[in-house]
Amino acid sequence: MFPEFGQFSLILAWVFSLLLAVMPLAGVVLKKQALQQTATALSWAVFFFLAVAFAILLHAFYHDDFSVAVVAANSNSALPWYYKLSASWGNHEGSMLLWVLLLSTWTVAVALFARTLTVELKGSVLGVLGIIAFCFLSFVLFTSNPFERILPMVPADGSDLNPLLQDIGLILHPPTLYMGYVGFSVAFAFAVGALITGRFDASWVRWSRPWTNTAWAFLTIGIALGSWWAYYELGWGGWWFWDPVENASFMPWLIGTALIHSQAVTEKRNLFKSWSVLLAIFAFSFSLLGTFLVRSGVLTSVHAFAADPERGMFILLILGFTIGGSLLLYAFNAAKIKTSGSFELVSRESFLLMNNILLVVIAFAVLFGTLLPLLADAFSWRKLSVGAPFFNSVFNFLMVFLLSLLGIGQLLRWKKHNKKGWRITLLIMLVSAVVIALILPWTLSGKLYWQVWLGMALVFWVVASLVNMVIERTRNSRSFIAGIRKAGVGFWGMWLAHLGLVVSTTGVVLVSNFDIEKDYRVEEGDSVQLNNYRFDVDRFQIIQGPNYVADRGVVSIYRDDKKVAEVNPEKRYYSVQGNVMTEAGIDGSLLRDLYVSMAEPLDDSRKVWSVRLQVKPFVSWLWWGAALMALGSIVSITDRRYRLKTSSASVEKTL
Amino acid sequence: MKIRPLVILPLVFVFALFALFGYALLSGVDPKEVPSALTGKALPGFQLASLQDENTVITREEIIGEPMLMNIWATWCSSCKYEHPVLNALSADGVKIIGINYKDERDLALKWLQDYADPYALDIYDPNGDLGFDLGVTGAPETFFIDSKGQVQYRYQGPITHEIWQQSLKAIYDEMV
Amino acid sequence: MKWFKYLLVVSVSLFSFLPLSSYAADELLVFESEEQRLRYVDLTFQLRCPKCQNQNVADSNAPISEDIREKTYQLIKEGYSDQEIIDFMIERYTEFVIYKPQMSLVTVWLWVLPGLVLLGGLAALIYLTRSRKQVDEESLTDEERERLNSILKDDA
Numbered sequence: 001m002f003p004e005f006g007q008f009s010l011i012l013a014w015v016f017s018l019l020l021a022v023m024p025l026a027g028v029v030l031k032k033q034a035l036q037q038t039a040t041a042l043s044w045a046v047f048f049f050l051a052v053a054f055a056i057l058l059h060a061f062y063h064d065d066f067s068v069a070v071v072a073a074n075s076n077s078a079l080p081w082y083y084k085l086s087a088s089w090g091n092h093e094g095s096m097l098l099w100v101l102l103l104s105t106w107t108v109a110v111a112l113f114a115r116t117l118t119v120e121l122k123g124s125v126l127g128v129l130g131i132i133a134f135c136f137l138s139f140v141l142f143t144s145n146p147f148e149r150i151l152p153m154v155p156a157d158g159s160d161l162n163p164l165l166q167d168i169g170l171i172l173h174p175p176t177l178y179m180g181y182v183g184f185s186v187a188f189a190f191a192v193g194a195l196i197t198g199r200f201d202a203s204w205v206r207w208s209r210p211w212t213n214t215a216w217a218f219l220t221i222g223i224a225l226g227s228w229w230a231y232y233e234l235g236w237g238g239w240w241f242w243d244p245v246e247n248a249s250f251m252p253w254l255i256g257t258a259l260i261h262s263q264a265v266t267e268k269r270n271l272f273k274s275w276s277v278l279l280a281i282f283a284f285s286f287s288l289l290g291t292f293l294v295r296s297g298v299l300t301s302v303h304a305f306a307a308d309p310e311r312g313m314f315i316l317l318i319l320g321f322t323i324g325g326s327l328l329l330y331a332f333n334a335a336k337i338k339t340s341g342s343f344e345l346v347s348r349e350s351f352l353l354m355n356n357i358l359l360v361v362i363a364f365a366v367l368f369g370t371l372l373p374l375l376a377d378a379f380s381w382r383k384l385s386v387g388a389p390f391f392n393s394v395f396n397f398l399m400v401f402l403l404s405l406l407g408i409g410q411l412l413r414w415k416k417h418n419k420k421g422w423r424i425t426l427l428i429m430l431v432s433a434v435v436i437a438l439i440l441p442w443t444l445s446g447k448l449y450w451q452v453w454l455g456m457a458l459v460f461w462v463v464a465s466l467v468n469m470v471i472e473r474t475r476n477s478r479s480f481i482a483g484i485r486k487a488g489v490g491f492w493g494m495w496l497a498h499l500g501l502v503v504s505t506t507g508v509v510l511v512s513n514f515d516i517e518k519d520y521r522v523e524e525g526d527s528v529q530l531n532n533y534r535f536d537v538d539r540f541q542i543i544q545g546p547n548y549v550a551d552r553g554v555v556s557i558y559r560d561d562k563k564v565a566e567v568n569p570e571k572r573y574y575s576v577q578g579n580v581m582t583e584a585g586i587d588g589s590l591l592r593d594l595y596v597s598m599a600e601p602l603d604d605s606r607k608v609w610s611v612r613l614q615v616k617p618f619v620s621w622l623w624w625g626a627a628l629m630a631l632g633s634i635v636s637i638t639d640r641r642y643r644l645k646t647s648s649a650s651v652e653k654t655l
Numbered sequence: 001m002k003i004r005p006l007v008i009l010p011l012v013f014v015f016a017l018f019a020l021f022g023y024a025l026l027s028g029v030d031p032k033e034v035p036s037a038l039t040g041k042a043l044p045g046f047q048l049a050s051l052q053d054e055n056t057v058i059t060r061e062e063i064i065g066e067p068m069l070m071n072i073w074a075t076w077c078s079s080c081k082y083e084h085p086v087l088n089a090l091s092a093d094g095v096k097i098i099g100i101n102y103k104d105e106r107d108l109a110l111k112w113l114q115d116y117a118d119p120y121a122l123d124i125y126d127p128n129g130d131l132g133f134d135l136g137v138t139g140a141p142e143t144f145f146i147d148s149k150g151q152v153q154y155r156y157q158g159p160i161t162h163e164i165w166q167q168s169l170k171a172i173y174d175e176m177v
Numbered sequence: 001m002k003w004f005k006y007l008l009v010v011s012v013s014l015f016s017f018l019p020l021s022s023y024a025a026d027e028l029l030v031f032e033s034e035e036q037r038l039r040y041v042d043l044t045f046q047l048r049c050p051k052c053q054n055q056n057v058a059d060s061n062a063p064i065s066e067d068i069r070e071k072t073y074q075l076i077k078e079g080y081s082d083q084e085i086i087d088f089m090i091e092r093y094t095e096f097v098i099y100k101p102q103m104s105l106v107t108v109w110l111w112v113l114p115g116l117v118l119l120g121g122l123a124a125l126i127y128l129t130r131s132r133k134q135v136d137e138e139s140l141t142d143e144e145r146e147r148l149n150s151i152l153k154d155d156a
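Residue numbers (full-length UniProt numbering), protein chains in the order written: chain A, 1 to 655; chain B, 1 to 177; chain C, 1 to 156.
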C-alpha cells in the first residue's frame with residue numbers, strides 16, 4: 001500500500017504546486033494582498049507532500065520492495081543499506097523526484113528567511129518557483145513516475161545498482177549538485193519577480209545575492225565531488241573529461257560566477273541591473289539545459305540516463321515555457337530598468353565587466369563545442385567529435401586573461417581608480433610573479449615548460465595581488481588584527497574564493513604538466529621505479545566482496561627504501577549485471593597522489609597483469625581550491641547587511 | 001512601449017537553440033550511430049590467406065566484379081551465431097557473401113562452418129584484424145555492401161535478421177544488382 | 001617564510017626528475033625516445049573509442065580501443081607524424097574518432113563564434129566607459145533619488 005500513498009502524496013504536491021503557481025501571481029496582477037499571502041502556506045504544503053513522497057520512495061528502497069519498478073531496476077537485496085538508499089536517486093525517476101524536492105526546499109527556505117520582503121515581491125518570487133515546481137511535477141507524474149508498480153509478477157530480486165554508482169560519490173555528489181542547479185531557481189525567481197513587479201531597486205539584488213552565493217557554493221562543491229569521484233572511481237586518474245554532462249554542470253557554474261560578480265556591481269553601484277537580471281535568468285536556464293541534455297539522449301555521454309525522446313520533448317516544452325517566458329518578459333520590461341552612474345576604463349566596475357565578458361565567452365564556447373556534434377549531425381553534415389583538445393585550448397587561453405585581469409581588478413577602486421603609484425605596485429607584482437615562476441619550477445624540477453611558467457606566473461601574480469589587498473586593508477588600522485576585523489566578511493569571502501581559484505589553478509597547472517603515467521607488465525615480486533618512488537608488486541590475490549569477486553593487487557610503495565604506502569588496486573566483477581570495474585589503489589597526500597590501476601590480466605594464472613602507474617603532483621589542490629571557493633562564497637553572505645531583519649526593514653520603508 | 005533590439009537577442013538565441021533540440025528529437029538523430037568512413041569509397045586492398053587453405057592468397061582484385069556482401073564474423077561473437085541462419089538463407093537465394101573470419105582461430109572457424117553450414121562464397125582469414133581495421137570495423141558482426149565496381153555502398157553493424165533485410169537492406173542490395 | 005622553506009624542501013624531492021629507470025618489470029610499450037612516448041600518450045588521449053559512450057582510447061578497455069592503441073604505436077614507430085596518424089584513423093573511422101576538431105568549414109565556427117562574442121563584449125565595454133551615463137542619473141525624480149540614496153547608504 002505504501003507506494004500508493006507515495007503516489008497520492010505526489011499528486012497532492014502537484015495540486016498545491018498548481019495553486020502556488022496561480023494564486024499569488026494572480027494576486028499580484030489583481031492587486032489583492034490576500035491572494036499574495038497564500039504563497040507561504042502553499043509553499044509549505046508542496047514541500048510537505050513532496051517530503052512524504054520521497055520518504056516513501058526511500059522506504060521502498062530500504063525494504064527491497066521490488067514491486068516498485070524503479071526499485072526492481074536499480075537495487076538488489078545484497079546491497080548495503082546506504083547504497084539502497086542512495087540508489088533511490090541513482091535513476092532517472094528518483095533523481096527527478098529529488099530534484100523537485102530540493103526545489104521545494106529552496107522555496108520554503110525563501111518563504112522562511114525572506115519574511116521581510118514586501119508581500120507583493122514575496123508572492124511573485126514564490127509564485128515563479130511554484131510554476132517551475134508545477135512543470136517538473138507534471139513531468140514526474142506523467143512521464144517518470146517513481147511509484148509505478150510491477151504487478152502481479154513481482155521479481156524475486158532487483159537487477160542491482162550499476163557498480164559505478166555503488167560508492168560514497170553517489171551518496172554525496174547528486175544531492176549537492178542538484179542543490180546547486182536548483183538553487184539558481186531562487187535568483188531566477190527574484191529576477192522574474194522584479195520583472196513582474198517592475199521594481200528594480202538595489203534592494204532586490206541585496207535580497208537575491210545570498211541565495212545566488214549559496215547555490216553557487218553548492219554547485220561548486222557538487223562539481224568538485226563529481227570530479228573527485230570520476231578521478232578515483234573510473235580508474236584512469238582523469239579528473240575532467242569535458243564530457244557533455246560535465247559541461248552541462250560547468251556552464252551554469254560559469255554563468256553563476258559571472259552573476260555573483262555582476263550582482264556585486266549592481267548592489268554597490270546600482271549598475272548592470274539589466275545585465276544581472278539576464279544572467280540570473282541564464283544561470284538557471286543553463287541548469288535546466290543540463291537536465292535536458294542528460295535525460296533526452298541527444299548527446300552521447302558516459303553518465304547519461306537512459307535516453308528517451310518523449311521525456312526529452314516534455315522537458316524541452318518546459319524549457320520553452322519557463323526560459324522563453326522569462327526572456328519574453330525581459331524583452332518587454334528591460335527598458336524599464338534604469339541604470340545610473342558612470343565608470344571609467346580603469347575602475348573596479350570595468351574589470352568586473354571584463355570578468356563577465358570572459359566568463360560568458362567561455363560558457364558560450366563550451367556550449368557551442370558541446371552542441372556542434374549535434375548540429376552537424378542534425379543537418380547531416382557529418383559525424384564529428386569535439387573533446388578535450390578543443391575545450392582545453394579555448395579555456396586555457398581565456399583563463400590567462402581572466403587571471404591577469406583578476407590580479408589588477410581586485411585592487412581597483414570603484415568608479416575611477418586614482419590611487420597614486422598603483423602602476424608601480426603592479427610592476428613590482430608582475431616582476432616578482434614572473435621571476436618566481438621562472439625560478440621555482442626550474443630549480444625544483446630542472447625543467448622549463450612554457451606552460452608551467454605561464455601558469456605559475458599567473459598564480460603568483462594573483463597571489464601577489466591578494467597579499468597586496470591585505471596590506472592595503474590593514475595598513476591604516478591600529479593593528480594587523482584590527483585591520484583584518486575591519487575589512488569585513490564580504491572582503492574576506494571574496495579573498496578566500498579568489499585564493500581558492502589560485503589553489504585550483506596551481507593543481508591544474510602542475511598535474512597537467514608534471515604528472516607521469518606509464519603502463520607496465522608486472523608479475524608478483526616485480527618492482528618498478530618511477531621518479532623517486534619504487535612500486536613493489538607483492539602479490540595478486542582473489543578476494544570475495546559483498547556482491548562482487550575481485551582480483552586484488554598488493555603493491556608497496558617505497559621512497560628512499562622507506563615504505564610510504566601500501567595500495568590495493570582491484571579489478572572487480574559484479575555478478576548480477578556482469579560489470580567489470582577498475583578500482584584504483586591511491587595513496588593521496590597534499591603534494592602528490594600515487595595512483596595504481598590494474599588494466600588486464602596477461603595470462604590465465606591471473607598473476608601477470610598490465611598495470612598503469614601514475615604519480616600526480618598537487619592533484620588534490622584542484623578540489624581543495626574548489627572547497628575554498630565555496631567557503632568564500634558562504635563567508636561573504638554572513639555579512640550583517642544580509643541579515644534581513646536589521647537592514648531590510650529600512651529598505652522596505654523606502655519603497 | 002519601445003523595445004530595444006538588443007534585449008530580444010537572448011530570446012532569439014534561445015529560440016534557435018530550442019529549434020535545434022526539437023529538430024534533433026523529432027528527426028531521431030542517434031548520436032551513437034556512426035556511418036562507415038568507406039561509404040562511397042573503394043574497398044581497400046588486402047592480401048590474406050583463405051580460411052580453408054593457408055597457402056592460397058586472396059586479394060581485393062580477385063573478389064570484386066559482381067555485387068556482394070562482405071560479412072565480418074567470428075566464433076567468439078555470440079550474435080554471429082544468431083545471424084548465421086539468415087546468411088545461409090540469403091546465400092541460398094543467390095546473394096553472394098564473402099566471409100571475413102575476424103580475429104579468430106582457424107580450427108574453431110572451420111568447425112563452426114562445418115556445424116552450421118557455410119554461406120560464404122569465399123572465406124578469408126583475418127586473424128590479426130588487419131583488413132578489419134582498414135574497413136573501420138568496431139566489432140562483429142558487420143556487413144559491407146559492395147557493388148560490382150568494388151565500391152562500398154553501405155555498412156550494417158550488428159546481426160542481420162530477416163525483418164531488417166526485408167525492411168531496408170534488401171533495397172540497398174537490389175540497387176547494386 | 002618557514003612554510004615556504006618547507007614547501008621548497010618537500011617539492012625539491014618531489015620534482016627531482018631523476019633519469020627514469022626501471023628494473024625487473026618491463027614497460028608494456030617500448031619507445032625509441034621519451035618524445036615518442038609522450039606523443040603516444042597524447043594521441044591516445046585525443047583518439048575517441050568509436051564503440052564506447054564517450055571515452056578516449058587510452059581510458060577504454062574495449063577491444064577496438066586496444067586495436068587503435070596498437071596501431072598508433074606501430075605508426076609512431078614507423079615514423080608517421082601526429083597528423084598523418086590522425087588522418088590514417090579518420091580515413092578508417094571517420095572524424096568521429098578524433099576529439100580534436102579538424103579544421104573545416106563546419107568546425108572553424110568553434111573558434112570564430114566565441115571570438116565574435118568576445119569582440120561584441122569588448123565593444124560594449126568601450127561603449128559603456130566612453131559614453132556619459134550621467135544622463136540616466138539625472139533623469140531620476142527627486143523622490144527616486146532620495147530612495148536610492150537611502151538604499152545605498154546601507155552599504156556604508
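These are computed hints drawn from the structure, not numbers from a lab.
Treat the hints with caution; some may be incorrect.
Said to hold, decoys possible - No farther apart than 25 Å at their CA atoms in a straight line, the calculated lysine to any residue pairs in the SDA-like style are these:
(1) A:K336 to C:D59
(2) B:K41 to C:L125
(3) C:K71 to B:A42
(4) A:K383 to B:Q47
(5) A:K268 to A:P155
(6) A:K268 to B:V7
(7) A:K383 to C:A123
(8) C:K71 to A:E600
(9) A:K383 to B:T39
(10) C:K71 to B:I160
(11) C:K51 to B:P44
(12) C:K51 to B:V7
(13) A:K415 to C:A123
(14) B:K32 to A:A388
(15) B:K32 to C:C52
(16) A:K383 to C:R130
(17) A:K562 to A:S445
(18) A:K518 to C:L125
(19) C:K51 to A:S445
(20) B:K103 to A:E600
(21) A:K268 to C:M103
(22) C:K71 to B:G28
These are the hints, each one checked on the structure:
For the hint linking A:K336 to C:D59, the alpha-carbon distance of about 54 Å lies beyond 25 Å, and the restraint is violated. The hinted pair formed by B:K41 and C:L125 fails the criterion: a straight-line CA distance of about 52 Å is larger than 25 Å. Distance hint between C:K71 and B:A42 is fulfilled; the C-alpha atoms sit about 22 Å from each other, no more than 25 Å. This hinted pair does not check out: A:K383 and B:Q47 have alpha carbons roughly 31 Å apart, beyond 25 Å.
For a cut-off of 25 Å, the pair hint linking A:K268 to A:P155 is broken: about 61 Å separates their Cα positions. Using a Cα cut-off of 25 Å, the hinted pair A:K268 and B:V7 holds, with the two alpha carbons roughly 24 Å apart. For the proposed pair A:K383 and C:A123, the alpha carbon gap of about 35 Å is over 25 Å, so the pair is violated. With a C-alpha separation of about 19 Å, the suggested pairing of C:K71 with A:E600 holds against the 25 Å cut-off.
Note on A:K383 and B:T39: the hinted pairing holds, with a Cα-Cα distance of about 13 Å set against a maximum of 25 Å. The suggested pairing of C:K71 with B:I160 is violated, with an alpha-carbon distance near 29 Å, which exceeds 25 Å. Taking the CA atoms of C:K51 and B:P44, the gap is near 22 Å; set against the 25 Å cutoff, the hint holds. Taking the CA atoms of C:K51 and B:V7, the gap is near 44 Å; set against the 25 Å cutoff, the hint is violated.
Straight-line distance between C-alpha atoms of A:K415 and C:A123 comes to about 19 Å, which keeps the hinted pair within the 25 Å bound. A threshold of 25 Å between alpha carbons decides the hint, and for B:K32 with A:A388 the separation of about 19 Å falls inside it, so the pair holds. The hinted pair formed by B:K32 and C:C52 meets the criterion: a straight-line CA distance of about 9 Å does not exceed 25 Å. Annotation: proposed proximity of A:K383 to C:R130 is violated, straight-line Cα distance about 46 Å (limit 25 Å).
Of the supplied pair hints, the one linking A:K562 and A:S445 holds, its CA atoms being roughly 22 Å apart against a limit of 25 Å. Using a Cα cut-off of 25 Å, the hinted pair A:K518 and C:L125 is violated, with the two alpha carbons roughly 48 Å apart. Distance check on the hinted pair: C:K51 and A:S445 sit about 40 Å apart at the alpha-carbon level, beyond 25 Å; violated. Taking the CA atoms of B:K103 and A:E600, the gap is about 19 Å. The hint holds against a cut of 25 Å.
For a cut-off of 25 Å, the pair hint linking A:K268 to C:M103 is broken: about 45 Å separates their Cα positions. Simply put, C:K71 and B:G28 have alpha-carbon atoms about 34 Å apart, too far for the 25 Å limit, and the pair is violated.
The structure fails to meet hints 1, 2, 4, 5, 7, 10, 12, 16, 18, 19, 21, 22 from the earlier list, while all remaining hints are met.
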